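Undergrad: So the chains spell out like this:
There are 4 protein chains.
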Amino acid sequence: MIDYQAILEDIYNNLKLEENKGKVATYIPELSTININKFGIHLNLTDGKSYSVGNFDEAFSIQSISKVFTLTRAFSLLGNDLWKRVDVEPSGNPFNHLSLLEQENGIPRNPLINAGALVIADVLVSILENPKDDFLNFVRTLANDDSICYDEKVARSERESGFRNFAAANLLKSFNNLNNSVEKVLDFYFHQCSIKMSCKQLANAFYLFANHGSCQRNKIHATPSQIKRVNAIMLTCGFYDEAGEFAFEVGLPGKSGVGGGIAALLPNEFAITTWSPGLNNKGNSLLGMQALEQFTTKTGLSIF
Amino acid sequence: MIDYQAILEDIYNNLKLEENKGKVATYIPELSTININKFGIHLNLTDGKSYSVGNFDEAFSIQSISKVFTLTRAFSLLGNDLWKRVDVEPSGNPFNHLSLLEQENGIPRNPLINAGALVIADVLVSILENPKDDFLNFVRTLANDDSICYDEKVARSERESGFRNFAAANLLKSFNNLNNSVEKVLDFYFHQCSIKMSCKQLANAFYLFANHGSCQRNKIHATPSQIKRVNAIMLTCGFYDEAGEFAFEVGLPGKSGVGGGIAALLPNEFAITTWSPGLNNKGNSLLGMQALEQFTTKTGLSIF
Amino acid sequence: MIDYQAILEDIYNNLKLEENKGKVATYIPELSTININKFGIHLNLTDGKSYSVGNFDEAFSIQSISKVFTLTRAFSLLGNDLWKRVDVEPSGNPFNHLSLLEQENGIPRNPLINAGALVIADVLVSILENPKDDFLNFVRTLANDDSICYDEKVARSERESGFRNFAAANLLKSFNNLNNSVEKVLDFYFHQCSIKMSCKQLANAFYLFANHGSCQRNKIHATPSQIKRVNAIMLTCGFYDEAGEFAFEVGLPGKSGVGGGIAALLPNEFAITTWSPGLNNKGNSLLGMQALEQFTTKTGLSIF
Amino acid sequence: MIDYQAILEDIYNNLKLEENKGKVATYIPELSTININKFGIHLNLTDGKSYSVGNFDEAFSIQSISKVFTLTRAFSLLGNDLWKRVDVEPSGNPFNHLSLLEQENGIPRNPLINAGALVIADVLVSILENPKDDFLNFVRTLANDDSICYDEKVARSERESGFRNFAAANLLKSFNNLNNSVEKVLDFYFHQCSIKMSCKQLANAFYLFANHGSCQRNKIHATPSQIKRVNAIMLTCGFYDEAGEFAFEVGLPGKSGVGGGIAALLPNEFAITTWSPGLNNKGNSLLGMQALEQFTTKTGLSIF
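The listed protein sequences correspond, in order, to chains L, Y, B and C.
Take the first sequence: its letters are residues 1 to 304, numbered as in this note's numbering.
Take the second sequence: its letters are residues 1 to 304, numbered as in this note's numbering.
Take the third sequence: its letters are residues 1 to 304, numbered as in this note's numbering.
Take the fourth sequence: its letters are residues 1 to 304, numbered as in this note's numbering.
Just so you know, these hints were derived from the structure itself, not from any lab.
Heads up, some of the hints might be wrong.
[Claimed, not checked] No more than 20 Å apart at the CA atoms, straight line, and that leaves these computed lysine-lysine pairs for PhoX-like:
id: 1; chain 1: L; residue 1: K84; chain 2: B; residue 2: K84
id: 2; chain 1: B; residue 1: K84; chain 2: L; residue 2: K282
id: 3; chain 1: C; residue 1: K49; chain 2: C; residue 2: K219
id: 4; chain 1: Y; residue 1: K282; chain 2: C; residue 2: K84
id: 5; chain 1: Y; residue 1: K23; chain 2: Y; residue 2: K282
id: 6; chain 1: Y; residue 1: K84; chain 2: C; residue 2: K282
This structure is a prediction, so every number in the text was calculated from the model and none was measured.
The task is simple: from the sequences and hints, build the whole structure.
TA: Rendered as structure tokens:
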């Protein structure tokens with residue numbers, strides 16, 4: 001029997017003392033004031049048990065982790081037609097998301113880089129009746145928690161400083177890979193990124209990906225085949241140009257956000273989330289990466 | 001003695017019959033309806049004589065040729081400080097203006113590619129009191145013709161379809177290389193490109209570059225050293241990724257526009273302009289390039 | 001209970017009739033004469049059972065599949081020092097292996113692209129006493145079969161036409177990332193690629209990766225942690241720029257070769273190999289990819 | 001009347017005192033021992049007068065300046081068929097000559113980057129009976145000086161360290177853009193680069209480019225049209241990724257070499273050469289660039 005609580009506490013206590021906690025993201029002004037010492041972990045087993053440590057119950061900006069939720073929603077609504085507009089390959093290059101997009105005629109490499117997530121946002125804006133409300137309700141259902149909200153301040157802050165996202169959206173538009181206006185798509189996108197969730201809420205929502213598409217309330221949100229594919233995309237593309245490193249060191253499908261969160265999972269077994277706002281130079285949570293590496297090493301659990 | 005009129009007529013008659021006239025640019029809807037058979041040439045010698053043939057007196061959209069005027073204005077106002085924000089090297093790559101911009105941290109390769117022209121537009125928007133009025137007056141003065149105007153329809157058409165320029169401006173903004181708002185800079189830029197001029201007016205305006213900075217009315221608009229440098233930039237960067245080809249085949253500093261115009265010059269000797277709306281696959285006027293090649297071959301006049 | 005034999009036969013019979021079998025690789029003259037109708041599958045369960053169909057017992061050129069064996073050998077000999085000379089990230093771009101290498105100062109993206117495999121070859125040439133003999137013995141031990149051999153004709157054919165590998169090796173050398181001579185490293189590399197194995201031999205050798213580092217004779221060749229990492233690299237980088245697609249459609253760590261072979265595995269469960277010489281436009285076996293996709297769909301077994 | 005001798009001396013005395021003389025190239029071991037204080041200038045007017053200062057009479061390794069001679073020879077022998085195998089556009093990017101070559105399917109951007117010069121070398125190896133002897137005689141004729149020789153030590157040194165040139169040649173070979181063996185082409189190439197000439201000899205040889213194709217002995221080596229085109233290529237491509245800067249600051253067609261030499265010219269007027277072994281960070285002679293800028297500024301002579 002694995003003593004999960006002891007393992008989480010052990011990891012927490014080890015890492016809490018680390019001097020190098022990385023750097024809080026500053027490019028979204030509203031996020032730059034976060035306390036770098038925040039650190040939480042939450043683990044949900046598929047058998048229903050859960051374990052947690054530190055600031056696991058405090059909400060933070062999930063940012064890019066939201067891309068997994070929009071992808072799941074769009075994929076379940078549109079099916080494989082989705083892949084006409086976005087590919088499923090790792091992007092490889094960190095520094096030139098726009099370059100690749102330009103070279104590849106407006107087809108983003110995958111749905112988890114910004115350009116790809118903008119295409120997914122465009123799909124949802126087209127299909128959903130009230131895109132922002134409907135999507136928020138989807139996330140609330142996944143997490144089984146109606147208190148989850150957009151953070152309008154963060155959404156506004158990102159709109160005011162998100163020139164690179166405006167550039168990407170306009171470039172997509174120039175390649176006819178956005179059906180809605182740049183403004184409308186970015187409004188949705190900045191909102192999806194601004195969602196605030198705690199480690200606990202996020203682990204609840206990620207239960208779906210460890211459980212073949214059914215959430216904790218046993219509602220089916222995607223087919224097992226779709227979930228398997230979303231997990232594959234998380235593994236190959238979930239950590240920017242550090243996806244290979246995460247697969248190598250941790251060995252779980254997962255997704256990070258610049259708010260310092262990481263959500264990961266082992267199919268059939270568990271969903272696990274971490275939060276530590278300091279990022280490494282690739283934009284992934286420094287302590288979060290280390291916590292998950294220690295977790296898979298100590299438990300011997302990974303997909304490989 | 002060279003019989004310039006006979007040479008122009010000879011070139012005109014040769015090329016008029018060409019079956020392959022290239023393709024009219026369609027990405028700006030307002031420009032796509034132009035008659036592909038229009039063809040004019042105008043030559044101004046620095047000794048005051050002028051020669052012309054065909055539709056030399058009919059105004060067309062000068063588009064990117066305007067970049068030489070904005071560059072000259074900004075350079076004369078700001079001096080060498082200009083080069084902190086834009087380089088003077090050929091871009092080499094046709095297909096990835098945004099890629100290069102991204103890789104080189106928001107410093108455009110040169111002032112004659114779109115990204116560079118947007119930086120120049122930003123400079124003028126910051127310095128000029130009434131940017132659009134003042135710049136139009138500058139062009140009118142150069143051409144000694146107050147009837148020259150913006151074409152509001154073309155400016156609007158470009159605004160509505162210019163997603164790639166919106167992408168470039170936002171990317172520049174993300175690198176802090178635009179001081180004004182994206183909207184304001186693009187409004188100026190779309191207007192400068194919409195200016196309508198005839199071959200004759202354009203050749204009058206280009207007199208400056210053959211005459212060390214003094215226009216036909218002997219007013220000094222830039223120093224000889226600045227004009228020498230603008231001419232150098234035209235030679236190395238004036239024809240997108242066909243700059244080398246133009247230097248190789250024609251051997252004159254010049255600038256083309258997607259409206260089908262080309263303006264070129266030989267220092268101390270002449271300014272020459274052509275207009276034929278069909279473009280080759282690099283976006284330069286097909287017959288215009290050929291006309292200028294024949295002109296320098298027949299006259300033996302080039303900088304090389 | 002899954003009836004593996006029935007599933008393999010079902011897949012075999014389905015695909016055997018496919019009209020589009022892809023195209024045999026022609027860039028290595030010696031390989032271009034292979035019969036495109038060859039098709040075999042072999043499955044080894046970790047419990048000892050095995051199943052097979054078609055030309056599973058006929059040897060073919062394993063080509064790039066050999067990179068997994070050299071990687072495993074070098075990793076077990078050198079440990080994590082290996083990662084100073086080669087990264088573990090997907091390359092993303094198909095068309096420009098040399099471009100990436102040049103931009104990233106001679107550190108190949110991962111050990112499964114050619115440039116990375118050349119660095120691994122250099123490591124083995126430095127460490128092994130008789131590099132070619134020792135490595136062949138290693139593969140024989142893994143597969144428990146001493147009849148496995150280099151194909152000298154193929155090795156020679158590749159040497160005579162492998163200008164791109166010569167280019168890569170010289171570029172690595174220019175960045176001081178080869179310690180041995182270009183000639184010596186390439187001689188080893190062309191030989192490793194020329195190894196001939198059948199589906200059955202290959203599946204036997206891949207048993208190791210499904211079994212935490214111990215081969216069928218229970219000899220330990222790498223630590224469980226190293227095997228976990230090699231599996232992660234196979235998943236993210238094993239199929240050139242189609243790695244994401246393979247993870248998405250198949251969901252197993254694996255490696256393909258231009259000889260038409262694919263070897264894949266599910267940790268703790270099985271190793272499976274396919275051979276069909278026709279390649280898709282990304283250079284992976286067309287029927288092999290489809291066979292494995294059908295296999296994981298029909299059995300419901302994958303890492304995701 | 002311009003007092004050329006006074007101007008040269010003035011420039012020489014100004015620059016001689018500069019503390020920052022750049023850095024001697026170290027990548028060819030044999031060249032790294034040169035005395036950084038060497039500095040010479042030689043000017044030949046087309047009217048026959050000549051002026052010089054400093055170490056104008058001391059031979060140095062002309063390196064890439066030789067590319068202009070091979071280009072001229074190949075162009076005069078092969079005519080415009082040459083342009084099927086090499087383009088005439090600036091390369092733009094410094095750091096990725098191989099990348100561009102790979103992306104553009106083995107057609108080098110221009111004959112003055114290494115890859116392009118290798119194609120030119122291949123042409124000469126194919127056409128000339130005794131390639132190395134014949135080419136050396138060509139240079140001797142141009143310079144009217146039979147004492148000019150290859151420096152075998154430098155050629156050997158470059159062969160032993162020129163891995164990047166081996167990479168480029170193999171890449172060209174893989175695209176079928178070399179007809180001779182890599183070895184043979186590189187042997188010729190390393191020899192052409194090793195030629196030793198003084199500023200005076202080099203200025204004599206460059207007389208041709210200022211004189212429409214006729215050398216000082218009035219022998220015609222290329223047509224005026226060919227020379228005009230070679231001059232155009234020098235202007236747009238002669239200084240690596242600083243070609244724009246050289247056109248901008250100096251305004252003359254020219255070519256630099258990593259041995260510290262620069263040769264430039266004004267058609268109909270003069271050929272001028274400089275030698276100072278310290279290079280700037282783009283690989284061009286630091287003082288040489290400054291000397292030529294001062295020369296065109298002080299004399300008011302440039303093509304612009």
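Undergrad: Keeping to a limit of 20 Å between CA atoms, is the pair of K23/Y and K282/Y held or broken?
TA: It holds: about 11 Å lies between the C-alpha atoms, which stays within 20 Å.
Undergrad: Keeping to a limit of 20 Å between CA atoms, is the pair of K84/L and K84/B held or broken?
TA: Violated. K84/L to K84/B sits at ~38 Å, over the 20 Å cutoff.
Undergrad: Given the hinted pair K49/C and K219/C, is their alpha-carbon gap at most 20 Å?
TA: holds, 19 Å
Undergrad: Could you grab the alpha-carbon distance between K84/B and K282/L and see if it respects the 20 Å cut-off?
TA: With Cα atoms ~18 Å apart, K84/B and K282/L stay inside 20 Å; holds.
Undergrad: Between the alpha carbons of K84/Y and K282/C, is the straight-line distance 20 Å or under?
TA: Holds: K84/Y and K282/C sit about 18 Å apart, inside 20 Å.
Undergrad: For the pair supplied as a hint, K282/Y and K84/C, is the alpha-carbon distance within the 20 Å limit?
TA: holds, 18 Å
The structure shown violates just one earlier hint, number 1.
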